[in-house]
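Q: Sequence:
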Amino acid sequence: MLAGEDVADIASTSTGCTFQSRSYRVMVAGSSFTIFDTAGLNEGDPRTIEKFNAVRQLYKLITSIDGGVSLLLFCMRAPRIKESNIQNWRLFHEIICAEKVPIAIIITGLENEGSMDNWWVGNRDNFEHQGMRPAGHACITATRGKEKGGQYLFAEEYAESKEKVQKLIMKCALRKPWTVPKIQWFAETGILCFKKEIMGKEIFEMMQKCGMSEEDAKELARNMKGV
Numbered sequence: 001m002l003a004g005e006d007v008a009d010i011a012s013t014s015t016g017c018t019f020q021s022r023s024y025r026v027m028v029a030g031s032s033f034t035i036f037d038t039a040g041l042n043e044g045d046p047r048t049i050e051k052f053n054a055v056r057q058l059y060k061l062i063t064s065i066d067g068g069v070s071l072l073l074f075c076m077r078a079p080r081i082k083e084s085n086i087q088n089w090r091l092f093h094e095i096i097c098a099e100k101v102p103i104a105i106i107i108t109g110l111e112n113e114g115s116m117d118n119w120w121v122g123n124r125d126n127f128e129h130q131g132m133r134p135a136g137h138a139c140i141t142a143t144r145g146k147e148k149g150g151q152y153l154f155a156e157e158y159a160e161s162k163e164k165v166q167k168l169i170m171k172c173a174l175r176k177p178w179t180v181p182k183i184q185w186f187a188e189t190g191i192l193c194f195k196k197e198i199m200g201k202e203i204f205e206m207m208q209k210c211g212m213s214e215e216d217a218k219e220l221a222r223n224m225k226g227v
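Going by the working numbering, the sequence shown opens with residue 1, and the numbers climb by one from there.
Heads up, a few of these hints could be off.
Claimed, not checked - EDC-like, lysine to aspartate or glutamate: derived pairs with alpha carbons at most 16 Å apart:
{"id": "1", "residue 1": "Lys182", "residue 2": "Asp37"}
{"id": "2", "residue 1": "Lys209", "residue 2": "Glu197"}
{"id": "3", "residue 1": "Lys162", "residue 2": "Glu188"}
{"id": "4", "residue 1": "Lys82", "residue 2": "Asp125"}
{"id": "5", "residue 1": "Lys218", "residue 2": "Glu202"}
{"id": "6", "residue 1": "Lys182", "residue 2": "Glu160"}
{"id": "7", "residue 1": "Lys182", "residue 2": "Glu99"}
{"id": "8", "residue 1": "Lys196", "residue 2": "Asp216"}
{"id": "9", "residue 1": "Lys176", "residue 2": "Asp66"}
{"id": "10", "residue 1": "Lys201", "residue 2": "Glu94"}
{"id": "11", "residue 1": "Lys209", "residue 2": "Asp125"}
{"id": "12", "residue 1": "Lys201", "residue 2": "Asp216"}
{"id": "13", "residue 1": "Lys60", "residue 2": "Glu83"}
{"id": "14", "residue 1": "Lys176", "residue 2": "Glu197"}
{"id": "15", "residue 1": "Lys182", "residue 2": "Glu157"}
What the hints assert, rightly or not - Okay, the calculated beta carbon distance ranges per label pair:
{"id": "16", "residue 1": "Tyr152", "residue 2": "Gly200", "range": "31 to 37 Å"}
{"id": "17", "residue 1": "Gln130", "residue 2": "Gly200", "range": "20 to 26 Å"}
{"id": "18", "residue 1": "Phe186", "residue 2": "Gly68", "range": "23 to 29 Å"}
{"id": "19", "residue 1": "Ala29", "residue 2": "Ser64", "range": "55 to 61 Å"}
The hints are simulated quantities; they were obtained by calculation from the structure and are not laboratory data. Idealized CB from N, CA, C, for every residue including glycine.
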């Protein structure tokens, strides 16, 4: 959408298709931005290997971007907030980025709404209740729809959506990007053969904020350790 052409694959299955991140240089309101199309986080069972690998790839990306990160764009499809949406939001915005990087939300799948913006009016309280307070939002369609007679069904809504996303980026992006530090997930105490592994505070935060069991939080942390 932002690139003005179809440059990223679109998933039509529940497992998604974007497992490797790709970067695109785009112009937004006369300013140049590098947009990363990142690993899709499966909205199913958060304990799957695919989910852990996707989280690992995202963690590796945002901690290795030269110059830092200016904005997180959290994309989700209407109509309802899933538990995985909440977990992913807290993990990346609150724990990994320590709330130092603004996060904006993009709601897709609204092409059949009478007014796409009205969706947020009716659902904002649900996000607030879950502690999801974005720096900004955009209610959009990410598809032009079917083509008939040389015209796309949702061409007008698509053009409107592109403008919304551009304005969202200009409004919310940091003027000075923040470099995301790598997390020390585990520490060791003791000496020689008496060393003991201690969980870092971020693992406890995953348990408290993301509702993970200790076993799942440790497994995810080990998956990201050494990245």
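Q: Which constraints among the numbered hints does this structure fail? Numbers only, ascending.
A: 1, 2, 3, 6, 8, 11, 13, 14, 15, 16 and 19
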